[in-house]
Amino acid sequence: MISAFTVLLIYSGEESKEMAENMRKAIEQSNYPVMVDLIDSDYRDRSFSEDISERIFKILDRCDFAIAFLTPAMAICDTSSKNSKEKMLYSSGPNLWLEVGYMRKAIPPQFIQYVSSFPFEWISTGKYLLP
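For the record, in the sequence shown the residue sitting at position 52 is 52 according to this note's numbering, with numbers rising by one throughout.
Hints should not be assumed to be uniformly reliable.
Between beta-carbon pairs, the in silico distance windows are [stated by the list, open to error]:
(1) ASP61 / PRO119: 30 to 36 Å
(2) GLY101 / ARG24: 33 to 39 Å
(3) ILE52 / LYS82: 39 to 45 Å
Here are the simulated EDC-like pairs of lysine to aspartate or glutamate, each with C-alpha atoms no more than 20 Å apart in a straight line [as the list claims (entries may be wrong)]:
(4) LYS25 / GLU54
(5) LYS82 / ASP64
(6) LYS105 / GLU21
(7) LYS127 / GLU54
(8) LYS127 / ASP37
(9) LYS25 / GLU14
These are computed hints drawn from the structure, not numbers from a lab.
Note that the structure is predicted; figures quoted are calculated from it, not measured.
Ideal placement from N, C-alpha and C gives every residue a C-beta, glycine not left out.
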């Protein structure tokens with residue numbers, strides 16, 4: 001019998017919430033022995049007895065595979081650019097990068113996958129900033 005493994009869906013912001021929820025539903029309907037945990041920006045709004053950082057890092061510690069949903073949640077103005085069309089750069093929220101950084105140390109990098117809501121070209125051209 002195959003034992004269950006945990007998939008972690010990490011997202012930040014409303015734009016990626018629907019993608020993460022759809023992925024969670026698809027995984028749960030697959031009939032594979034998979035547990036799904038979501039880490040999102042709503043954690044700070046929930047009332048739990050333990051500290052938020054303890055809760056999040058406990059979830060991260062039990063993860064076997066992670067999917068991070070990259071969205072242009074933060075806009076950054078590049079003042080060094082002379083072209084006004086190239087002035088805006090984007091990145092995900094800092095909480096997503098903290099969680100992905102932790103996961104990169106906890107599990108093999110090939111077990112962390114990324115889904116974006118923008119064209120890959122944004123990453124290759126530097127319009128979307130990776131940490």
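Each hint, compared with the structure:
1. ASP61 / PRO119: 30 to 36 Å: Given a distance of about 34 Å, which is inside 30 to 36 Å, the answer is holds.
2. GLY101 / ARG24: 33 to 39 Å: 22 Å, violated
3. ILE52 / LYS82: 39 to 45 Å: 42 Å, holds
4. LYS25 / GLU54: Outside the cut-off at roughly 26 Å; violated.
5. LYS82 / ASP64: 45 Å, violated
6. LYS105 / GLU21: 25 Å, violated
7. LYS127 / GLU54: 34 Å, violated
8. LYS127 / ASP37: 30 Å, violated
9. LYS25 / GLU14: 17 Å, holds
Checked against the numbered hints above, the structure breaks hints 2, 4, 5, 6, 7 and 8 and satisfies the rest.
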